[in-house]
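Asks: Read off the chains here:
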Amino acid sequence: MARFKTWPDRIEMRPVGHDLVALSLMQEVLASVGEDPDDPAVGRLSVAAYPDDGDAQSEYERLMSPELDRQRQGDRDAVASVLKAAESGTVDLTPPEAEALLMVVNEARLALGARLGIVEDGWESDGRTASDPVALLLRYLTGYQDDLIRALAEQSEP
Amino acid sequence: MDPIRTRPTAAPAATIAPERTDLPEVRDRADHDRGWNVVVWNDPVNLMSYVVLVFRRIFGYSEEKATRLMLEVHNEGRSIVSTSPREKAEIDCYTLHRYALWATIERA
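In order, the protein sequence lines correspond to chains A and B.
66 is the number of the first residue of the first sequence in our numbering; add one for each residue after it.
302 is the number of the first residue of the second sequence in our numbering; add one for each residue after it.
Don't read these hints as lab results, they were simulated from the structure.
All figures in this text were calculated on a predicted structure; none of them were measured in a lab.
The beta-carbon is built from N, C-alpha and C at its ideal position, and this holds for glycine as well.
Please note: incorrect hints may appear among the correct ones.
Here are the simulated SDA-like cross-link-like pairs (lysine to any residue), alpha carbons at most 25 Å apart as the crow flies [as the list claims (entries may be wrong)]:
1. Lys149(A) with His83(A)
2. Lys70(A) with Ala145(A)
3. Lys389(B) with Ala121(A)
4. Lys366(B) with Tyr205(A)
5. Lys389(B) with Ser123(A)
6. Lys389(B) with Asp134(A)
7. Lys389(B) with Arg137(A)
8. Lys366(B) with Ala218(A)
9. Lys149(A) with Tyr205(A)
10. Lys149(A) with Val199(A)
11. Lys366(B) with Glu222(A)
12. Lys70(A) with Ser350(B)
13. Lys389(B) with Gln122(A)
14. Lys70(A) with Gly361(B)
15. Lys389(B) with Glu132(A)
16. Lys389(B) with Ala67(A)
17. Lys149(A) with Tyr400(B)
18. Lys389(B) with Asp117(A)
19. Lys149(A) with Ala67(A)
20. Lys389(B) with Asp120(A)
21. Lys389(B) with Arg127(A)
22. Lys389(B) with Glu124(A)
23. Lys389(B) with Arg358(B)
Covered stretches of chain A (chain B as the covering partner; in silico rule of three or more C-beta atoms under 8 Å from a C-beta of chain B) [said to hold, decoys possible]:
24. 67 to 73
25. 114 to 120
26. 125 to 137
27. 206 to 213
Among the chain A residues that face chain B by a calculated CB cut under 10 Å, a handful are [what the hints assert, rightly or not]:
28. Arg109
29. Asp140
30. Leu181
31. Val184
32. Gly187
33. Trp188
34. Leu202
Go ahead and model the full structure; you've got the sequences and the hints to work with.
Replies: This is the structure we're talking about:
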């Protein structure tokens, strides 16, 4: 059974397997970012626009960071509402909801990747992390995101 | 599901639709001379298909151009995805950050 079905004006989301558990864990991962001051996920989700120019970066952060934080929180709130509705079964995602889900899943994957210390290709077949719960969640969300991207790309086709 | 590599240096209720209309204020500078490049760097966790989708979404690039730029990121470690006045470059960079791509700005 496919997770997503594409319609011209919406994407039908049908939770399968462990989707709802994984997406709930995803929310916990994102909520925990920054709780530990040494959490590498913080740096990955807060990329410097001007890494070699402190003054320009400070000004960029002043202008952009509050809005980025606000929009990301809006995405997470939207996804939380979608997941609550999905507990009862299939949910129709509006284009903004689908986009929010795409971005939130990606943020969580990046946070997990940073915590696992992934810095190069091949991590998917890395035996070291095969049984690591963090890696298992990353792999699950990777498959989930791939399916969502396919659905969104299909919707974009003329 | 193919990932792309990472930049090697550290840098850096009822209504459920997210609000995403306002873009932040941009600086008022007269840095329009040579333009500013927005650069996207490699990341091993981001999916290739995700990067292509984001480039198409943000810049309106064709599938072919978005794929070419994504492959440049993958193979070369980075790609200049746009060149524009500083204000526009900062908005583009912000939007890429919104999608959590590793984007930076540099003088063209």
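Asks: Compare the structure with each hint and give your call.
Replies: Results of checking the hints against the structure:
1. For the hint pairing lysine 149(A) with histidine 83(A), the CA-to-CA distance comes to about 15 Å; that is within 25 Å, so the pair holds.
2. Proximity of lysine 70(A) to alanine 145(A) is assessed by CA-CA distance (about 20 Å); at most 25 Å being required, the pair is judged to hold.
3. Using a Cα cut-off of 25 Å, the hinted pair lysine 389(B) and alanine 121(A) holds, with the two alpha carbons roughly 15 Å apart.
4. About 30 Å separates the Cα atoms of lysine 366(B) and tyrosine 205(A), which puts this hinted pair outside 25 Å; it is violated.
5. Only pairs whose Cα atoms come within 25 Å are accepted, and lysine 389(B) paired with serine 123(A) is accepted, the gap being roughly 18 Å.
6. Between the alpha carbons of lysine 389(B) and aspartate 134(A) the distance comes to roughly 20 Å, so the proposed pair stays at or under 25 Å and holds.
7. Between lysine 389(B) and arginine 137(A) the alpha-carbon distance is near 21 Å, which keeps this suggested pair within the 25 Å criterion.
8. About 15 Å separates the Cα atoms of lysine 366(B) and alanine 218(A), which keeps this hinted pair within 25 Å; it holds.
9. Between the alpha carbons of lysine 149(A) and tyrosine 205(A) the distance comes to roughly 20 Å, so the proposed pair stays at or under 25 Å and holds.
10. A threshold of 25 Å between alpha carbons decides the hint, and for lysine 149(A) with valine 199(A) the separation of about 23 Å falls inside it, so the pair holds.
11. Pair hint lysine 366(B) plus glutamate 222(A) holds up; C-alpha atoms about 15 Å apart against a cutoff of 25 Å.
12. Note on lysine 70(A) and serine 350(B): the hinted pairing holds, with a Cα-Cα distance of about 18 Å set against a maximum of 25 Å.
13. Under the criterion of a C-alpha separation no larger than 25 Å, the hint pairing lysine 389(B) with glutamine 122(A) is consistent with the structure, at around 16 Å.
14. In summary, the hint linking lysine 70(A) to glycine 361(B) is supported, as the alpha carbons are separated by about 24 Å, within the 25 Å threshold.
15. Proximity of lysine 389(B) to glutamate 132(A) is assessed by CA-CA distance (about 16 Å); at most 25 Å being required, the pair is judged to hold.
16. Restraint check for lysine 389(B) and alanine 67(A): not satisfied, since their Cα atoms lie roughly 39 Å apart, outside the 25 Å limit.
17. A distance of roughly 23 Å separates the Cα atoms of lysine 149(A) and tyrosine 400(B); the hinted pair therefore holds under the 25 Å criterion.
18. Annotation: proposed proximity of lysine 389(B) to aspartate 117(A) holds, straight-line Cα distance about 20 Å (limit 25 Å).
19. Annotation: proposed proximity of lysine 149(A) to alanine 67(A) holds, straight-line Cα distance about 20 Å (limit 25 Å).
20. The suggested pairing of lysine 389(B) with aspartate 120(A) holds, with an alpha-carbon distance near 19 Å, which does not exceed 25 Å.
21. With a CA separation close to 17 Å, the supplied pair lysine 389(B) and arginine 127(A) stays within the 25 Å bound.
22. Under the criterion of a C-alpha separation no larger than 25 Å, the hint pairing lysine 389(B) with glutamate 124(A) is consistent with the structure, at around 15 Å.
23. Pair hint lysine 389(B) plus arginine 358(B) holds up; C-alpha atoms about 16 Å apart against a cutoff of 25 Å.
24. Counting residues of the stretch 67 to 73 of chain A whose C-beta lies closer than 8 Å to any C-beta of chain B gives 0; at least three are required, and the coverage claim is violated.
25. Residues of the stretch 114 to 120 of chain A lying with their CB closer than 8 Å to a CB of chain B number 3, which satisfies the three-residue condition for coverage.
26. Coverage of the stretch 125 to 137 of chain A by chain B holds. Counting CB-CB distances below 8 Å, 8 residues qualify, and the rule asks for three or more.
27. Counting residues of the stretch 206 to 213 of chain A whose CB lies closer than 8 Å to any CB of chain B gives 4, which reaches the minimum of 3, so the coverage claim holds.
28. Because the closest C-beta pair between arginine 109(A) and chain B is about 8 Å apart, less than 10 Å, the hint holds.
29. This hint holds: aspartate 140(A) has a C-beta 5 Å from the nearest C-beta of chain B, less than the 10 Å allowed.
30. Given hint, leucine 181(A) at the interface with chain B, holds; its Cβ is 9 Å from that chain's nearest Cβ, closer than 10 Å.
31. Below 10 Å, beta-carbon pairs count as interface contacts, and valine 184(A) has one with chain B at about 5 Å; its hint therefore holds.
32. At a threshold of 10 Å, the smallest CB-CB gap from glycine 187(A) to chain B is about 8 Å, leaving the interface hint in force.
33. Interface restraint check: tryptophan 188(A) against chain B, minimum CB-CB distance 6 Å, threshold 10 Å, status holds.
34. The criterion of a C-beta within 10 Å of any C-beta in chain B is not met by leucine 202(A), whose closest approach is roughly 13 Å, and the hint is violated.
Going down the numbered hints, you'll see the structure goes against 4, 16, 24 and 34, while the others check out.
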